Each structure stands twice: as structure tokens, then as C-alpha cells.
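Visitor: The residues making up each chain are set out below.
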Amino acid sequence: MVNLLDRPKLDRPTDSPRHQQRPVARLTLPTLLTLTAIVTIVPFAAMVLVAFAPASGSTFPDALNPTRMTWQNFANVLSSSDIPRWTVNSLIYSLVSVVFILLFAAMAGYAFAKKRFPGRELMFWAFLATLMVPFQATLIPSYILVSKLDWVDGYWGLIVPTLANSQAVFLMRQFIGQLPDELFEAAEIDGASEWRTFTTIVLPLVRPALATLGIFVFLWHWNDFLWPLVIGQSGQMQTLTVGLATLQTEAVPINQVMAGATITVVPSLLVFGLLQRYLTDSIAMSGLKA
Amino acid sequence: MLVLFIVFRFVPVVGAVLLSLTDYRLNGRWSFIAGDNYTRLLGDRMSHESLVVTLTYTVIFVPLTVLLSLGTALLLHQVVWRRGFFRGVFFLPYVTSIVLAAVIWKWIYDAEDGLLNGLLGLLSVGPVDFLGRAESVLPSIAVTSAWKGFGYSMLILLAGLQSIPRSYLEAAMIDGAGSWQRFRYVTLPQLRPVLFFVLVIETIQAFQVFDAMYVMTGGGPVRSSYSLVYLLYDSGFKYFDFGYASAIGLVLFAIVLIVSLVQRRLVGRDD
Numbered sequence: 001m002v003n004l005l006d007r008p009k010l011d012r013p014t015d016s017p018r019h020q021q022r023p024v025a026r027l028t029l030p031t032l033l034t035l036t037a038i039v040t041i042v043p044f045a046a047m048v049l050v051a052f053a054p055a056s057g058s059t060f061p062d063a064l065n066p067t068r069m070t071w072q073n074f075a076n077v078l079s080s081s082d083i084p085r086w087t088v089n090s091l092i093y094s095l096v097s098v099v100f101i102l103l104f105a106a107m108a109g110y111a112f113a114k115k116r117f118p119g120r121e122l123m124f125w126a127f128l129a130t131l132m133v134p135f136q137a138t139l140i141p142s143y144i145l146v147s148k149l150d151w152v153d154g155y156w157g158l159i160v161p162t163l164a165n166s167q168a169v170f171l172m173r174q175f176i177g178q179l180p181d182e183l184f185e186a187a188e189i190d191g192a193s194e195w196r197t198f199t200t201i202v203l204p205l206v207r208p209a210l211a212t213l214g215i216f217v218f219l220w221h222w223n224d225f226l227w228p229l230v231i232g233q234s235g236q237m238q239t240l241t242v243g244l245a246t247l248q249t250e251a252v253p254i255n256q257v258m259a260g261a262t263i264t265v266v267p268s269l270l271v272f273g274l275l276q277r278y279l280t281d282s283i284a285m286s287g288l289k290a
Numbered sequence: 001m002l003v004l005f006i007v008f009r010f011v012p013v014v015g016a017v018l019l020s021l022t023d024y025r026l027n028g029r030w031s032f033i034a035g036d037n038y039t040r041l042l043g044d045r046m047s048h049e050s051l052v053v054t055l056t057y058t059v060i061f062v063p064l065t066v067l068l069s070l071g072t073a074l075l076l077h078q079v080v081w082r083r084g085f086f087r088g089v090f091f092l093p094y095v096t097s098i099v100l101a102a103v104i105w106k107w108i109y110d111a112e113d114g115l116l117n118g119l120l121g122l123l124s125v126g127p128v129d130f131l132g133r134a135e136s137v138l139p140s141i142a143v144t145s146a147w148k149g150f151g152y153s154m155l156i157l158l159a160g161l162q163s164i165p166r167s168y169l170e171a172a173m174i175d176g177a178g179s180w181q182r183f184r185y186v187t188l189p190q191l192r193p194v195l196f197f198v199l200v201i202e203t204i205q206a207f208q209v210f211d212a213m214y215v216m217t218g219g220g221p222v223r224s225s226y227s228l229v230y231l232l233y234d235s236g237f238k239y240f241d242f243g244y245a246s247a248i249g250l251v252l253f254a255i256v257l258i259v260s261l262v263q264r265r266l267v268g269r270d271d
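Order-wise, the sequence lines are chains U and A.
Reading the first sequence from the start, the letters are residues 1 to 290 in the numbering used here.
Reading the second sequence from the start, the letters are residues 1 to 271 in the numbering used here.
It should be emphasised that the hints constitute simulated quantities derived from the structure, not laboratory data.
Values in this document were obtained by computation on a predicted structure and should not be read as measured data.
Each residue gets a CB set at the ideal place from its N, CA and C atoms; glycine is no exception.
A few of these clues could be false.
[To be verified] Stretches of chain U that chain A covers, calculated by requiring three or more beta carbons in the stretch to come under 8 Å of a beta carbon on chain A: (1) 67-74; (2) 260-273.
[As the list claims (entries may be wrong)] Computed list of chain U residues with no C-beta within reach of chain A, every gap over 12 Å: (3) Ala113; (4) Pro134; (5) Ala186; (6) Thr197; (7) Thr199; (8) Pro208; (9) Gly243.
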């Protein structure tokens with residue numbers, strides 16, 4: 001310690017490398033940060049500008065002239081495509097999934113974390129193992145299964161297979177595992193039924209975790225592509241994300257495609273705007289991944 | 001609920017293995033053909049090409065996205081000014097779908113109307129048909145995916161950076177280490193496990209590339225962006241060759257598994 005403190009550099013802070021850098025760093029890094037942020041935002045800004053540009057002005061740089069804004073592209077794309085129907089499909093797909101996945105995950109997570117039953121460890125490892133399998137690897141058998149049930153091109157086929165979400169169960173098990181065992185012992189001594197323990201002790205305590213998980217499940221389903229693409233074969237059963245992909249393969253003018261794109265992104269942006277802190281903090285803590 | 005998981009989680013895994021040993025067709029007729037799908041996969045030119053495309057894409061995408069996430073994470077870590085705001089901006093593309101990113105960037109890259117060629121035109125360069133040329137199509141798609149997803153890895157890396165004890169860096173500073181030396185000998189070794197995690201999930205992600213290619217190029221030009229999952233999708237839902245498609249899916253699973261095991265090996269050695 002004495003040696004370190006004797007170093008003259010420390011006594012004269014202006015000489016230390018850190019202080020020599022400061023004036024430069026103070027300007028350079030924030031500028032770099034701002035530039036990176038602008039580049040990140042430009043594609044969104046361009047999307048919105050093209051969506052509001054008059055039909056004749058899709059060519060750069062006319063598309064970026066904000067003085068000639070019009071809602072016409074939105075009106076056109078809403079009337080010429082199935083966007084209203086796709087929106088309903090996306091909402092049903094996302095919201096129904098959120099409700100059931102959260103309920104199942106809380107129940108299974110509670111069972112895995114706090115209940116003793118034969119084969120618990122084995123079953124939990126089986127759950128974990130399915131997390132390793134990429135979705136694409138089971139796409140074909142899942143599709144055949146759904147077609148055997150005659151669920152293709154319908155809500156059942158779209159939603160039910162996705163409710164078996166191992167990742168959600170895993171996360172809830174981790175979270176419920178942290179709750180003190182004494183709580184559940186007390187409930188048992190007081191003679192609370194299994195269901196009562198679940199609804200009055202588990203659910204209120206895991207509400208923050210459920211909120212975060214709910215946001216993720218919503219975004220997973222709202223942005224999901226491959227499964228709805230395969231299941232929603234008719235135009236009527238497509239989700240908004242799949243619909244957007246079909247829009248731009250058909251001969252729809254770019255202004256209208258961008259108007260459609262702007263519509264699809266609104267719910268994600270709402271979720272993001274309202275719950276950004278929840279999202280970013282939970283990723284940093286748990287590594288939750290869409 | 002258990003039934004739900006058994007039917008839709010476990011049965012498809014077993015089903016994929018069984019299906020890959022058959023020539024299951026759309027009409028439900030099938031016969032056991034043992035490893036024929038796999039021998040076909042090994043000998044098929046299209047599957048070789050799609051594997052090369054997938055590997056090339058991975059080699060471009062992973063360094064790109066990791067450098068982008070690490071760069072922005074370091075910037076955010078250094079600059080306290082409006083950190084929450086900038087963090088939000090970088091994370092914004094992550095909450096959107098890859099389809100949306102693909103639709104926007106397809107326009108940006110467009111040879112006639114696109115934003116990028118408009119800007120290049122101001123410099124009297126181009127126009128460059130980014131998505132129409134074999135040599136630029138994969139980098140262009142990689143940039144799109146990196147833009148869409150780097151915010152996630154950035155958050156993980158930022159959390160990693162913030163968990164490095166300040167005293168380590170201060171000690172290095174007292175010993176006279178410059179900012180590069182501090183980064184190279186303190187920050188980077190401390191960040192290693194987190195960096196490795198990010199590297200692995202991005203690699204796994206890269207091997208599963210499909211959505212962006214489906215939307216932006218349809219696999220073209222001349223299959224130069226035709227990935228393994230694209231081949232799986234076409235085999236299954238264009239040619240209804242379900243057995244063959246299942247075999248491709250299992251090859252993908254094997255690749256992902258190997259990547260994860262290599263990671264466990266390398267990180268385990270450190271602990």
C-alpha cells in the first residue's frame with residue numbers, strides 16, 4: 001500500500017492518463033454513441049416516412065420529404081388487404097397464448113419447485129432437454145400432428161401446440177424456487193387446499209415474474225413467423241407478421257407495404273414504450289431470449 | 001397440461017427421429033427406408049450448397065453482431081450521459097419481428113428506389129444491387145439480422161461489464177495501464193464467460209436463419225441465400241417430402257448440440 005501511495009502520479013491527478021484523455025473522451029464517445037443511435041433509428045424513420053409519402057414519391061429522396069405527408073397509403077392498404085383480419089388473428093394468437101402459457105408455467109413451475117412427486121427430477125430434465133431442440137427440427141412432426149387432428153388453418157392448430165412452452169416453465173420454476181419453503185408449510189398447517197395455496201400464495205408472489213414473462217410471450221407470438229406461416233395457409237388465417245411478408249411478395253406498392261409495416265410494429269412499440277425497463281432488466285438478469 | 005407437453009413437446013422430438021427414417025408423404029403413406037434420407041442428404045448438391053450458405057452466413061453474421069453488441073455495450077458503459085435513453089434506442093429493433101426488419105431493409109437495399117443507393121448516388125457511386133448479387137447478398141442479410149438483434153447481446157454484455165469490480169480497473173490504472181491495456185488485460189478476461197455465452201447463442205441463431213431470406217430474396221439469386229432451414233421448409237411444404245425434411249431438421253439439431261457442447265467444454269475448462 002505504501003508503495004502505491006508514494007507514486008507521484010496519484011498526487012497530481014492532472015498527470016494521470018485518465019485525466020489527459022478526459023476532454024477528448026468527453027466529446028468523442030458521446031458523439032460516437034449519438035451517431036450509432038441515429039443509424040439504428042434511420043430504418044424506422046425511413047419506414048414511417050415512406051408510409052406517409054404520396055404514392056408517386058417512393059423514390060429517394062422524394063420519399064424523405066415530410067411536407068407532403070398523407071394517410072392515403074394506410075387507407076389503401078387497409079382496404080386492399082386483409083390487415084384487419086390479420087390483426088385480429090395476431091391478437092388472438094398472442095393474447096390467448098399469454099394467458100395460458102402464464103397459467104401453465106406458474107402451475108408447472110410451482111410443482112417442479114415445491115412439490116415432491118415420483119419422477120420429478122426425470123421429468124424436469126426432460127423439460128430442459130426439449131429446450132435444446134431447435135423449433136425447426138420438430139416443425140415437420142408438429143405439422144403432421146396438427147394435420148392429423150384436422151387443425152391446420154385454424155386457431156386450435158395455431159395456438160395449442162405453442163402452449164407447451166418449456167422455457168416459460170423453466171423460468172417460473174427458478175423464480176418460485178426462491179420463495180421460502182416456510183410459506184408453503186404454514187399454508188399446509190393451516191389446512192389450505194392445493195388450489196388455495198396456488199391462488200392465494202403462489203400467484204400474488206410471482207406477479208412481477210409473470211408480468212415480465214407475459215411481455216416476452218406476447219412478443220414471441222406477435223413476431224412469430226415460421227409456425228403461423230405453415231399453419232395459417234389461407235389468407236384468412238394469416239397473422240399480421242405473415243401477412244406483411246405476403247404483402248411485399250405481391251405487387252403492392254412500397255408505400256403501402258411500409259404503411260402495413262408501420263401498423264404491425266405499433267403493438268410492439270407500445271409494449272416497449274410502457275415496459276422497457278421490465279424488459280431490459282429481466283434480460284440482464286435471466287438471459288431470457290425471444 | 002402434462003398431456004399437452006407430452007403431445008406437443010416430446011412426441012414431435014421422437015416423431016422427428018422416426019419420420020427421418022421413412023419416406024412419409026403428404027397422403028400419409030410411408031415405408032421404412034432406414035438411413036436413405038441421410039445418404040441422400042450427404043450426396044445431394046442442394047444440401048451441400050445450403051450448408052455452405054448457412055456456414056458462410058454464420059461466419060459473417062456472428063463476428064458482425066458480436067462486435068456491434070460489444071461496441072455499443074462498451075460505449076454505454078463509458079458514457080453515463082442519457083444511458084437509459086440510448087440503451088432503449090439500441091434495444092428498439094429487438095422488439096420488432098425479423099419480417100419487419102427484412103421488409104424495411106429490402107427497400108433500403110433496393111437498386112432503384114432504395115435509401116442506400118440514393119445515398120450512394122449522392123456520392124456518384126452505384127447503383128449496387130445488394131440483394132441481387134451473389135457476393136453481396138449474404139453480408140446484406142447479415143447486416144439486417146444484426147441490426148434487428150444486437151440489442152439483446154448488448155444488454156447481456158452491458159450487464160457483464162457492470163459486474164466487473166471497479167477496484168480491478170483502478171488497480172490496473174494505478175499500475176499505469178493505459179485504456180487499451182485495461183481493456184485487453186482486465187475487462188476482456190473478466191468478460192470472457194459472458195462473451196462466450198453471447199457467441200454461442202448468436203451462432204445457434206445464425207444456423208437457424210430463414211425468415212430474412214424468405215422475405216428478402218426467396219433464397220436467390222440462384223440459391224446463393226438458400227439456407228439449411230430454407231431447404232427444410234421447401235422439402236416439407238413445397239415438395240411434401242416430410243421424411244427428408246425431418247432428416248434436415250435433425251442435422252440442424254446435431255449442429256446446435258455440437259456448438260453448445262463445445263461451449264460447455266471451453267467454459268468448463270476455465271471454472
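Visitor: Does each hint hold? Answer for all of them.
Guide: Now the hints, each set against the structure:
Judged by the Cβ-Cβ criterion of 8 Å, the stretch 67-74 of chain U is not covered by chain A as claimed, because only 0 of its residues qualify and three are needed. Three residues within the 8 Å Cβ limit are the bar, and the stretch 260-273 of chain U against chain A gives 7, so the coverage statement holds. No Cβ of chain A approaches the Cβ of Ala113 (chain U) within 12 Å, the least distance being about 16 Å, so the stated non-interface status holds. A beta-carbon of chain A comes within 12 Å of the beta-carbon of Pro134 (chain U); the shortest separation is about 5 Å.
With a cut of 12 Å on Cβ distances, Ala186 (chain U) stays outside the contact zone with chain A, its closest approach being about 27 Å. Residue placement check: Thr197 (chain U) keeps its beta carbon more than 12 Å from all beta carbons of chain A (closest about 17 Å). With a minimum CB-CB distance of about 16 Å to chain A, Thr199 (chain U) clears the 12 Å threshold, and the non-interface call stands. With a minimum CB-CB distance of about 18 Å to chain A, Pro208 (chain U) clears the 12 Å threshold, and the non-interface call stands.
The claim that Gly243 (chain U) is not at the interface with chain A is violated, since a C-beta of that chain comes within 12 Å of its own (minimum 9 Å).
Checked against the numbered hints listed earlier, the structure breaks hints 1, 4, 9; every other hint is satisfied.
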